[in-house]
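Number of protein chains: 4
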Amino acid sequence: MTTETARVEAFSDGVFAIAITLLILEIKIPGPGSGILSAQLLKQWPSYVSFLISFSFIGIMWINHHRLFTHIKRSDNGLLFLNLLLLLGVTAVPFPTAVLAVHLGQGDERAAALLYNGTYFFIAIFFNLLWRYAAADKRKLLAADVDRNAVHRITRQYAFGPLFYLICLGLSWVSVPASLAVNVALACFFALPPHADLMRRR
Amino acid sequence: MTTETARVEAFSDGVFAIAITLLILEIKIPGPGSGILSAQLLKQWPSYVSFLISFSFIGIMWINHHRLFTHIKRSDNGLLFLNLLLLLGVTAVPFPTAVLAVHLGQGDERAAALLYNGTYFFIAIFFNLLWRYAAADKRKLLAADVDRNAVHRITRQYAFGPLFYLICLGLSWVSVPASLAVNVALACFFALPPHADLMRRR
Amino acid sequence: MTTETARVEAFSDGVFAIAITLLILEIKIPGPGSGILSAQLLKQWPSYVSFLISFSFIGIMWINHHRLFTHIKRSDNGLLFLNLLLLLGVTAVPFPTAVLAVHLGQGDERAAALLYNGTYFFIAIFFNLLWRYAAADKRKLLAADVDRNAVHRITRQYAFGPLFYLICLGLSWVSVPASLAVNVALACFFALPPHADLMRRR
Amino acid sequence: MTTETARVEAFSDGVFAIAITLLILEIKIPGPGSGILSAQLLKQWPSYVSFLISFSFIGIMWINHHRLFTHIKRSDNGLLFLNLLLLLGVTAVPFPTAVLAVHLGQGDERAAALLYNGTYFFIAIFFNLLWRYAAADKRKLLAADVDRNAVHRITRQYAFGPLFYLICLGLSWVSVPASLAVNVALACFFALPPHADLMRRR
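Protein chains in written order, with my numbering: chain A, 332 to 533; chain B, 332 to 533; chain C, 332 to 533; chain D, 332 to 533.
One or more hints might be untrue.
[As the list claims (entries may be wrong)] Quick list of in silico lysine-lysine cross-link-like pairs, DSS-like style, CA-CA up to 25 Å:
id	chain 1	residue 1	chain 2	residue 2
1	D	Lys469	B	Lys359
2	C	Lys469	A	Lys359
3	D	Lys359	A	Lys359
4	A	Lys359	B	Lys404
5	C	Lys469	C	Lys404
6	A	Lys374	B	Lys469
7	C	Lys374	D	Lys359
If you're looking for bench data, these hints aren't it; they were derived computationally from the structure.
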């Protein structure tokens with residue numbers, strides 16, 4: 332069965348939009364009796380840090396999903412399942428985010444950072460699975476007039492994802508702030524479209 | 332009144348997307364003072380199990396809804412109501428999921444499993460009602476050039492749903508883990524499109 | 332400025348879909364230590380009653396919104412504002428629903444029912460405002476080939492809304508269950524499209 | 332890379348729709364044992380005030396976003412990022428709203444109002460960034476046949492935003508109610524489309 336991708340994109344857009352909007356609910360509202368409000372608000376800085384990182388990450392995942400589906404023009408059962416697998420990762424993000432928000436700067440921040448970076452490691456794998464499935468020649472899911480070089484550049488860029496996030500995961504053992512900094516740097520790397528120049532140099 | 336199905340699908344996509352994304356909110360965030368974080372996270376395994384089953388179930392319901400509406404091209408009041416009835420089942424899923432997550436492995440897990448499997452039994456009935464209504468010849472809601480064999484195969488596959496989920500519901504009395512395993516197996520069965528071969532053999 | 336209504340409908344669909352899906356979050360999850368689960372679940376019947384009424388109500392509001400926008404083909408600033416006013420009513424529904432769920436069968440159920448029926452009274456007014464604005468001849472927001480009889484029948488059916496919901500609101504003082512029963516009956520009345528026969532008889 | 336804006340608008344619609352619908356969740360449900368219900372409900376007036384202001388604000392932001400995208404016809408990476416930045420502001424709104432709802436009329440209402448008005452100040456800047464980026468001649472993101480005067484009028488109207496919201500922010504130090512009143516007045520100003528007459532007079 333081959334259908335158009337419009338409804339797959341609409342459903343995915345909904346999931347991305349909800350996951351990114353739910354993040355704010357994880358930030359606690361300081362009550363009137365719990366001390367000076369401004370101090371209470373400042374004390375919650377780990378919540379803001381994890382909110383901002385997760386917002387950026389989900390936003391950049393959406394941009395990537397959007398980028399892939401400018402090339403993917405047809406859908407089959409396999410694509411539907413791999414897309415669901417990716418969305419599983421997307422909907423899960425608010426949980427490790429909230430765990431990190433509560434534990435960052437506390438005694439157990441390492442375990443929280445491992446959960447956080449581990450989630451992103453799996454999402455990087457899911458992105459590769461989806462794209463490699465869709466881009467396989469025999470499936471003919473891409474547009475007939477697709478730019479083969481653009482496809483190749485995405486495949487190459489994505490291939491780095493699981494490795495880089497695995498390094499990021501390992502870094503959590505050494506230094507939690509360093510692992511989060513690398514996580515942000517990776518988000519920037521995947522936010523940019525794969526440049527021809529960058530790839531040619533390799 | 333006969334209108335196109337675009338807005339019915341958009342509204343349904345929204346409900347599916349929200350229900351599947353809300354599931355993660357049911358997983359509790361262990362606080363900093365409540366013990367070793369990794370141990371706290373592991374202790375929550377029933378939450379992860381019920382999250383994964385419910386995510387798969389709603390995802391597969393969406394795939395089925397999508398599959399039905401590749402055939403359904405027109406809409407009337409009856410279809411709108413039966414679609415709402417199905418969405419009632421979809422939006423309800425986070426509640427039995429959360430109840431199961433809290434009680435799985437506890438003294439009251441049977442009641443939680445009955446509620447959980449019972450919800451799916453009703454949803455299976457609602458799917459049959461929607462499809463049988465839409466597929467009835469006299470209503471002309473399907474595409475004019477619809478593949479009659481494909482329609483017939485879906486009707487046959489769906490006919491098993493209520494019976495199988497009733498068995499699953501009965502199994503909850505005997506063994507909760509067994510009933511959940513069958514529940515997962517049923518999700519896989521409905522995830523796959525109805526194959527001609529399988530049906531021909533019957 | 333006159334634009335098409337596609338994005339107004341998409342935004343409204345999103346709001347309806349979220350409001351109808353959030354309702355389930357208001358139902359409390361009984362914890363493991365709080366007694367026999369089945370008894371706990373049964374004791375929560377007011378939550379299920381108010382969930383079902385609110386789900387039906389929002390679902391039927393969506394069907395009505397959908398019905399109006401099969402006629403409305405153009406949009407202007409006034410329509411955007413009146414549509415937002417209606418959506419204000421829609422998004423508010425989970426609050427009176429939760430209040431009713433907590434207080435139904437308790438000493439303060441009258442106040443809860445007044446809040447509940449009062450919300451619907453205002454929504455009925457907002458529906459009239461939106462439709463009368465859109466249907467006014469001078470604005471030319473309806474399709475050029477619109478069925479004038481259909482428009483007239485909707486206008487007539489909606490005219491009863493505020494009056495009927497006001498009666499329903501008054502009934503809350505006399506009997507809360509009766510007011511809820513009338514509320515359900517009204518939902519059924521507005522679920523059905525306005526029939527020519529019914530209207531002609533008047 | 333240049334793609335159409337359909338999916339950007341769909342994703343943004345989702346975020347706006349969810350943020351506006353989540354606001355209601357911040358209003359607390361008074362329990363049965365906490366006093367006379369009607370008195371409890373009235374005591375929560377700051378929640379209703381901040382709900383109404385935030386609902387209006389997000390609704391008007393959506394109308395403005397809609398207005399901008401009737402002119403924007405093409406998309407590039409920069410637009411995707413600036414749109415995400417704007418959505419960051421939109422998804423954040425429920426947090427300062429809830430903080431204001433809890434602290435309005437209390438000792439710490441000034442800090443809450445500063446957070447609230449400060450959020451809107453940043454959103455006003457983000458709106459300017461998005462629009463100025465899209466409207467720049469060299470990028471050709473607007474429709475080829477765009478009304479240059481309409482574009483100019485939007486640019487002029489938006490230029491006042493950051494300044495006015497900064498004044499509003501400063502007013503929070505003097506009088507919290509006055510700052511909220513100005514906030515509402517500003518929402519009305521941006522709700523209206525930029526009129527040619529008004530602008531010509533300047």
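Hints versus structure:
1. D/Lys469 x B/Lys359: Given pair D/Lys469, B/Lys359 is violated - Cα atoms ~50 Å apart, limit 25 Å.
2. C/Lys469 x A/Lys359: violated, 50 Å
3. D/Lys359 x A/Lys359: holds, 14 Å
4. A/Lys359 x B/Lys404: violated, 46 Å
5. C/Lys469 x C/Lys404: Holds, because 14 Å separates the two Cα atoms, which is no more than 25 Å.
6. A/Lys374 x B/Lys469: violated, 66 Å
7. C/Lys374 x D/Lys359: holds, 22 Å
The earlier numbered hints that this structure contradicts are 1, 2, 4 and 6.
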